[in-house]
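**Q** Here is what each chain is made of, one letter per residue.
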Amino acid sequence: MVLEATVRAATRSGRLACSAAKGCAVWRIRVHGRGGQGVVTTAELLSIAAFRDGHEVQAFPSFGSERMGAPVTAYCRISDAPIRTREPVTTTDVLLISDSTLLRQDDIFPGLTADGYVLVNSSRPWGALGLEDRLGGHRADRLRTVPATLIARNATGRPVPNAPMIGAFAALTGAVSLLAVEAALRERFAAEVAERNVRAARTAYEFLRGEIPAHA
Amino acid sequence: MDTPFAITLGPGSSSVNRTGTWRTERPVYVDRLPPCNQACPAGENVQGWLYTAEEGDYQTAWRQLVAANPLPAVMGRVCYHPCETACNRAQLDHAVGINSVEEFLGDEAIRRGWVLPTPAPDTGKRVLVVGAGPSGLSAAYQLCLLGHHVEIRDSAARPGGMMRYAIPTFRLPRYVLDAEIDRILALGIDFRPNTPVEDLTAEHGFDAVFLAVGAQLAHRAYVPAAQSARILDALDLLGDTAAGQRPQLGRTVAVYGGGNTAMDAARTARRLGAEEAIIVYRRTRERMPANDIEVTDALEEGVRMKWLATVKHADVGVLTIERMELDEHGVPQPTGELEELQADSLVLALGQDVDHTLVDTLPGVRVEGGVVQVDEHMMTGHPGVFAGGDMVPSARSVTVAIGHGAAAARNIDAWLRGTVATPEPEREAATFERLNTWYYSDAPETVRPRLDAARRVSDFAEVTGKLDADTALYEARRCMSCGNCFGCDNCYGVCPDNAIVKVPTGHGYAIDLDYCKGCALCVTECPAGAIDMIPEPD
Amino acid sequence: MPAQSVKFYQVGSRAVGNRLLDAELRTEQSSAERRNSITSGHRACQGCGEALGARYVLDTAERVTGGRLVTVNATGCLEVFSTPYPESAWQVPWLHSLFANTASVASGVAAALEAQGRTDVRVLAQGGDGGTVDIGFACLSGMFERGDDVLFVCYDNEAYMNTGVQRSGATPAYARTATTEAVGPIPGSRPGQGKDLPRIAMAHEIPYVATATVAELRDLEAKVERAMSMRGPRYLHVLVPCPLGWGSAPAETVHLARLAQRSGLFPVFEAEHGEVTSVLPIRDRIPVEEYLRPQRRYAHLFADPPRTDLIERIQQIADRNVARYHLDPHEIPHEEGA
Amino acid sequence: MRRQLEGSRAIAETVACCRPGVIPAYPITPQTHIVEALGTMVRKGQLAPCRFLTVESEFAAMSAAIGASLTGSRAYTATSSQGLLYMTEAVFNAAGLGAPIVMTVANRAIGAPINIWNDQSDSMALRDSGWIQLHAPDNQAAADLHVLAFRLAEELSVPVMVCVDGFVLTHAFEPIDVPEQEIVDAVLPPYRPRQVLDPDDPVTIGAMVGPEAFTEVRYLADRRLRSAPPAFERIAAEFAEAVGAPQRRARCVQDYRATGADTVVVALGSVTGTLRDVVDSIDGVGVLTITMYRPFPAEEIRAVLVGARRIVVLERALAPGASGIVTSDVRSALAGLDVPVQTVIAGLGGRPIGAASLRELLARPGLEDVTFLDLREDVIDRELGRETVREPIAERDGEAAVESAGERAGA
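Chains as they are written, first to last, in numbering that gives the first Met the number 0: chain A, 0 to 215; chain R, 0 to 537; chain G, 0 to 337; chain L, 0 to 410.
Bear in mind the hints are in silico, worked out from the structure with no lab data behind them.
Don't be surprised by glycine CBs; every beta carbon is placed ideally from N, CA and C.
Be aware that a few hints might be false.
What the hints assert, rightly or not - Residues from chain R shown here face chain L by an in silico Cβ test under 7 Å; the list is partial: (1) T2; (2) A5; (3) T7.
Same shape as in the complex, but just chain A (with noise of 0.2 Å):
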């Protein structure tokens, strides 16, 4: 409860991280993945961990009958004001690719807004992805990698990659506290499997800021 507390009184007194950074009222976040990765979960996650920092928050799936392994995509808007708009997200500042295979899918960048994040789940550097050609104009700092699957199974034991991808987008983008991340991970799971996805989400969130190396 001291955690809650803390994390909401630091969120409150603060605007909305994007508004400083970007000058929106609003992120539009999508996220990738296929069935069994955890998607909806992480745009959940995303969702909860923003609503604890404070925020109107809204998450939802692509509404797919995809089984495992099909292509997934949830979505997640989170603003200071009420969000009325129940529309996928498709103008979109924030991807959250969960597995770097669907970066050979068309419809995967449409829609990204020319500042936009781009968050992928690889242990290649953003160099090695290939996406100069289709990423070109972007700004580079805001392209990253993040090899969560592995650091979720270092973590976790298991290859579900959404809290370390929720951790590195916090890091990235500072939309959401690593508290309220934490927080959210503890709000969602059980006590033990919360921990370990709190270590995972913190060492995603730690390589993102670059304090540790890519291959901890």
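Knowing the structure of chain A, use the given hints to seat chains R, G and L on it.
**A** Structure of chains R, G and L alone, referenced to chain A:
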């Protein structure tokens, strides 16, 4: 409950819908005449007293029984029970052992000392009954109950007539006979033994007379015989034996005749020591007048039968027999073929004749064929003089005689009151076809335990054993109550419209015509056939 | 033997009552205090077997539950003739929802009673053969498999009588109905497996399954009593002849039910947890012809020329039942492969 | 307290606060999360006393709910799409019997072709089943409406369907304040059924009613249903006060800048939010959201729309051959007013309703009477083209038939 309109209804509210209007036929309870009742010469309501006996209320059953027949213990032994022959149950498995139950009830009454009903107040009328046989006793009993003063005169020393003097004790122990006759006489009947009535014109002081002298004269038949041949009448043989004598018959006895008396004589002869008793009869067994039960009993006791034979001549120790054969009309015709039959004595049992001398001088009385003629009210041609029993044209049996007595009593009573007895209304027969026999459980006849045949011939002990209380109850409950409701609740149960109600009196059920749709399920499922469908009145 | 064994009393154990029996040993139907759960004034046909069966079943259920009973009724003859506004013939709490959903409604009722802690109140659902073996079958099967505490009673008159005698899954082979006319080489209802719901119910291994007829009242009452002594899903299948649909005299309703049992065409038995535990032996077996002949729905089998081949096939069905359930106490045990 | 919850979860928790006694349920996407959550709560004893029945079909679900409701238990179920249609007979029956069941319909398209995504074809198909139909514009309302639904249902002895756009709301995570148990208890007294199966008062429920009374039964049902709007308004006000959130006060119709607007967009359900976003940037356009669709609040709607120059009804269902279902209702509510009512069919089978498209649509000068939003004209043109090609084939077949007949005649 705040129930919504029309969708929700109150319980049982359909009772306002009188479905009785659907009906084109309606069921009615009937009391049909059961075959046992119809067949009973004594006019017993057999089904009625069995119904009561079924409930184990033996005293009430006995009371119903003695309403028609004051000699149930006797009848239970000597009656040839036409009721059982008629019994519908015979078509299902075996006839109900009505006779056994009757005997049981009669014996129970003697054992427990149950008393007959109290006679009605004295009417001041005096009736003379001539003859203390079953017919006379029956009439005297009924007349006495009706309040009339009855005087019985009999030529014999003891009352009972043929019951005492012709029926062997092994069929009818005398203590039974005495007990039942004593009970009748004790009602206040003036019995005068050893008082033959020879001329009725000489009798005065009676308002009516009932003649029941029976047929006590052995039928005269000419049998050519050697002087020393031993020939005797069956009635003498039976009478002497009943009186305690032991007539000498020899080793081999021939009995000539095919009636019940012949059978009794043959069976008596066996008990008197005859090694062989042979019935000589001119027709076949099928045509024998003797009751089949008696024939069977006789055969079981070793009596031999010589069918299609007449006695041509009797000599000492030997009879000459002519073989007969039946013509196309079933009449025996002589063949001329002769043979000899060893016989130390010949007992004649060729029927009995009526001694009608006492009415010969009475104006108006007709005697035809040796018997006294009576009208449908059992009155002779002489007003106030009635006759019954063996002396009138009729089958001759104790049962018939008792029936005559009762019927005569009704008619005498009416005559004394200046009216005419109305016959009971005709009731339709309760036939087997009307029964739903599915409901009657398979239940074997309770066969009266019978003495071992070998033992039977050695003494005069009663040959037919008795039911005990349990078996009597069981046997009574085998009654299907033909044509009469016995309260099985089937009609009440199978009515899909709950249109049969239980009522405390009468039949126990009534049709609720407000609801009865006339489906007749109750009729079909009535085990006893005691419900009829009749058209709705216009 | 489910039927109460009664010492010989003139009409033995087969009649409704018996004045010689102690009151407590008589059938419920013989009692002047019976509930008359379905009372007078209903609009059933003359001689309706279903009206009779329903009263038999419910009166006993009422007695053994001490009146703590609620009922659910399928659409069908029974429902229509008993509850035309503004009159109801029911004296028990009674709910009619639809044709197909009776078992589910009853499940809901049972669930509500359980949730309310009123487990003293028992639930009885009832319907005809159409509402049971056909349109209501899915719901019934669901009720069975969930283990809901309901006694479901099917009053089987072997066709859709309410709508004018059309074939149902319970219509027997060669019987004429309005949708299986007695014409063509195979007249009447096509022979097939039919839907033997008692056996299907047994396959659910529910606590209790029994068959009965309106002709064997003691047996029927004993089965209702047995059923109500148990919890969980129970199924009772009662043969109720229909004068209209069978083309029989109204007065013959009970008689025909009896002949159905005696012919072997309608085996009367009970089963617990999927195993047959007892049968009502055939007391006096009859050829099926004796049962078929009084019914106009089979008249085409006895036309000129008669269809003895089809009668023989019906006889084979009866023979199979007799062998399967060992219905004939006098029968030499069936030889394998015979 | 607001929590970040999935819509389904919020609905389930709210329903649990309503203390249902029996929940029969059959799974169908996208209703599943609601009943899964309730089933778990019953299993864990968090919702007690309650029986959760895993029935074998939606038909059985509604049937069991009827049985439970008429036995005095508060009954709830949820379904979608084909499931709703599969239980149709029982849905009508529940209304006819006056069983105050509450059912969530997670709105979804009807097949064929089978489609698991959102539109409102399912509940629209059953709009005249005699139920009160409430449509949730957002997830807070979706939760709140269930409390109101139970109260309204039981006050009127009429079943209530709470329609929630499938996936769009049921699977969306949002900050939602699930009403506190104490508040629900205050607003929703224990269930006192109008009629009940009871051995101590053995009524016959569900009689057969003939021509002599059926009309009256229906008239009374109509009267009863028509009393729902004021009752709903009253209960909603009471509830809003209890939760201390005036903005959560539900209304039969919700006026968003609609009164006095030139153009009013009429809509049901979750498209409301997007529409409000859109009209914020267009002068003279307002939104009227219909929350209570059945009974149809004609007077309330007319009161708002009376001054408008143009009405656009956004329909999330299609009556093939007759176009807009809600449009017909709106037109009849506006009888006598000379105002064009245009139909926009949108969001069928899960197609997103985008703000840009709506903005374009509303700006379009001569909007046709019926418009399909974001219709893929290329596909339509191609397919219509193919059909045009096929037609002569049919004619040829006809000619051939005539010829062969002629041949036979001549033979």
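**Q** Hints the structure violates: just list their numbers, smallest first.
**A** none
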